[in-house]
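Residue strings, one per chain:
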Amino acid sequence: DAGVIQSPRHEVTEMGQEVTLRCKPISGHNSLFWYRQTMMRGLELLIYFNNNVPIDDSGMPEDRFSAKMPNASFSTLKIQPSEPRDSAVYFCASSLKGWDTDTQYFGPGTRLTVL
Amino acid sequence: GNSVTQMEGPVTLSEEAFLTINCTYTATGYPSLFWYVQYPGEGLQLLLKATKADDKGSNKGFEATYRKETTSFHLEKGSVQVSDSAVYFCALITNRDDKIIFGKGTRLHILP
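Top line first, the protein sequences correspond to chains A and Z.
Numbering-wise (the numbering used here), the first sequence opens with residue 45 and increments by one.
Numbering-wise (the numbering used here), the second sequence opens with residue 12 and increments by one.
Hints may contain errors.
[Stated by the list, open to error] The list that follows gives simulated cross-link-like pairs (lysine-lysine, BS3-like), each with its CA atoms no further than 27 Å apart: (1) Z:Lys-63 with A:Lys-141; (2) A:Lys-141 with Z:Lys-79; (3) A:Lys-141 with Z:Lys-110; (4) A:Lys-141 with Z:Lys-67; (5) A:Lys-141 with Z:Lys-115; (6) Z:Lys-115 with A:Lys-122.
Calculated from the structure, these hints are not laboratory results.
With the rest of the complex left out, here is chain A (with noise of 0.2 Å):
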């Protein structure tokens, strides 16, 4: 299995443009996640999926940040317009619904640079 794929893995852009990352999650898996990781901040997570539904947004920090997941193998996270302080590393996670099989695999995270 290929794992959770992201892409960009890094991506550097000025203030006010738009950014979109994409996930490709695990296949089968019914969950997916969106996380923010910085070193003030640690690993925050952004909002979560389950079966293409959104469930959890509560930590998307404002409306310049939205999420998509049009069908089961994809996903994306827009930041319009962005601004410096969205620099992080951006993780999305996926899993198996289910409490016996609630590991979360995580892909290797688009490193963005906001100047």
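Given chain A's structure and the hints, the job is docking chain Z onto it.
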């Protein structure tokens, strides 16, 4: 609410030293407990887990025991290696929802 507290780092040890990284939790119900590890430049990986009280999770020489009476899940290893240098995250998930709650992470440096 649910929360995880782990010791602040960085923790610096010499190779072959004994490692303990403390983790305590607050949760309603009966959570499952996890240790995840993040190697430089990579995403988090599950290291070990325990799903009920007194269970011991173990992997790659690391161990942690689910202690309900002290609400703890301390990570231990008898003899660390340079390759164990990473950031370690304690986490929990309850049977109420799918959200994993992570601690802030503990950076471990092992010196040769």
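Going through the hints against the structure:
For the proposed pair Lys-63 (chain Z) and Lys-141 (chain A), the alpha carbon gap of about 18 Å is at most 27 Å, so the pair holds. Distance hint between Lys-141 (chain A) and Lys-79 (chain Z) is fulfilled; the C-alpha atoms sit about 25 Å from each other, no more than 27 Å. Of the supplied pair hints, the one linking Lys-141 (chain A) and Lys-110 (chain Z) holds, its CA atoms being roughly 11 Å apart against a limit of 27 Å. About 23 Å separates the Cα atoms of Lys-141 (chain A) and Lys-67 (chain Z), which keeps this hinted pair within 27 Å; it holds.
Distance check on the hinted pair: Lys-141 (chain A) and Lys-115 (chain Z) sit about 25 Å apart at the alpha-carbon level, within 27 Å; holds. Restraint check for Lys-115 (chain Z) and Lys-122 (chain A): the C-alpha separation of about 25 Å stays at or below 27 Å, so the hint holds.
The earlier numbered hints are all upheld by this structure, with none contradicted.
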